[in-house]
Amino acid sequence: MLNVFKCKVISRRLSESLDRPLSLPERIALRIHLRFCPPCTSYRKQLDFMHSASARADDNLPRNQDQSLGDEARERLKQKLGPQ
Amino acid sequence: MSSPLPETRLGPSTGGEINWLDPEKWLDEHGDALYAYALRRVREASTAEDLVQETLLTAIKAKDTFRGESTERTWLTGILKHKVLDHFRQAARELPLPEVPPLSDSQQDWFDQSGNWLRWPGDWADPERSLEQDEFWHAMSDCIDRLPDKLRIPYILREFDGVETEELIRTLNISSRNNLWAMLSRARLQLRQCLEIKWFSN
Numbered sequence: 004m005l006n007v008f009k010c011k012v013i014s015r016r017l018s019e020s021l022d023r024p025l026s027l028p029e030r031i032a033l034r035i036h037l038r039f040c041p042p043c044t045s046y047r048k049q050l051d052f053m054h055s056a057s058a059r060a061d062d063n064l065p066r067n068q069d070q071s072l073g074d075e076a077r078e079r080l081k082q083k084l085g086p087q
Numbered sequence: 020m021s022s023p024l025p026e027t028r029l030g031p032s033t034g035g036e037i038n039w040l041d042p043e044k045w046l047d048e049h050g051d052a053l054y055a056y057a058l059r060r061v062r063e064a065s066t067a068e069d070l071v072q073e074t075l076l077t078a079i080k081a082k083d084t085f086r087g088e089s090t091e092r093t094w095l096t097g098i099l100k101h102k103v104l105d106h107f108r109q110a111a112r113e114l115p116l117p118e119v120p121p122l123s124d125s126q127q128d129w130f131d132q133s134g135n136w137l138r139w140p141g142d143w144a145d146p147e148r149s150l151e152q153d154e155f156w157h158a159m160s161d162c163i164d165r166l167p168d169k170l171r172i173p174y175i176l177r178e179f180d181g182v183e184t185e186e187l188i189r190t191l192n193i194s195s196r197n198n199l200w201a202m203l204s205r206a207r208l209q210l211r212q213c214l215e216i217k218w219f220s221n
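Chain order of the listed sequences is P and V. Counted from 1, the first sequence has number 87 at position 84 by the numbering used here; the numbering is strictly sequential. Counted from 1, the second sequence has number 194 at position 175 by the numbering used here; the numbering is strictly sequential.
Simulated from the structure, these hints should not be mistaken for lab results. None of the values given here were measured: they were computed from a predicted structure. Backbone N, C-alpha and C define an ideal beta-carbon position, used for all residues, glycine too. A hint or two may mislead.
[As the list claims (entries may be wrong)] So the derived list for chain P, only partly shown, Cβ under 10 Å to chain V, looks like this:
(1) F8
(2) I13
(3) R38
(4) P42
Turn these sequences into a full structure, and let the hints guide you.
As structure tokens, this is what we get:
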């Protein structure tokens with residue numbers, strides 16, 4: 004099988020499609036491969052999902068105790084900011 | 020992050036007054052969120068605290084430039100984003116992120132000798148619904164934290180913050196675009212597997 008049609012290469016291309024515009028030959032190779040490859044098709048959907056989840060992650064990721072400013076840190080910051 | 024939300028817009032819609040900007044309240048209202056944002060990226064409590072401090076000091080100086088086109092939170096986070104990038108730029112000058120070895124040399128490989136998936140990615144049922152579930156975000160947080168720094172940092176800057184390729188390789192002092200794309204691809208493969216185990220297999 005041609006190198007460009009291997010799942011390993013395709014997975015990398017699918018990832019890159021989130022970082023740069025793919026060339027026409029790359030897009031064609033992807034489309035042909037995806038038509039016949041269920042795992043890469045699943046991976047593509049998962050990449051899209053992770054991409055949209057990540058874009059809104061900061062608003063949704065849990066914030067536990069040690070990810071909040073403690074009272075001491077808050078006090079330190081207040082001191083440093085001082086009266087303006 | 021860049022899109023303003025009109026319904027949460029602060030301050031009066033007319034007049035040039037900016038008296039709703041109150042630095043003393045910033046710490047109370049946004050301190051935790053800013054700190055969590057910084058900590059997620061730099062991991063170190065003292066560094067995160069410093070970045071929040073610099074952000075608030077910068078915001079105080081730049082107070083007059085706030086136009087109420089975004090929420091206070093968005094505005095402050097925008098300043099912090101630049102501080103975080105500055106931090107990584109500085110750190111990468113001193114100690115560049117290590118090069119990522121070719122996939123075949125790494126312990127964890129996803130493909131066999133002929134380039135086929137060792138284990139097929141599973142079918143994720145109704146992933147969109149996950150976004151509304153707190154447990155999903157716990158799994159996501161855990162999986163992000165499990166990425167090694169050399170993959171986690173580029174991933175977060177690219178996918179959380181939308182930093183483009185060129186700026187990213189300059190900021191992190193990465194030798195080539197190709198190397199960056201390899202790191203991002205690896206990060207996504209690892210994150211995928213982790214989410215599948217921790218969330219989608221239940």
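A quick look at each hint next to the structure:
Checking F8 of chain P against chain V by beta carbon gives a least distance of about 9 Å; that is within 10 Å, so the hint holds. For I13 of chain P, the shortest C-beta to C-beta distance to chain V is roughly 9 Å, which falls under 10 Å, so the interface hint holds. Using the Cβ-Cβ criterion of 10 Å, the hint placing R38 of chain P at the interface with chain V is not satisfied: the shortest such distance is roughly 16 Å. Taking 10 Å as the C-beta cut-off, the interface hint given for P42 of chain P holds, the closest approach to chain V being about 4 Å.
Of the numbered hints listed earlier, the single one contradicted by the structure is hint 3.
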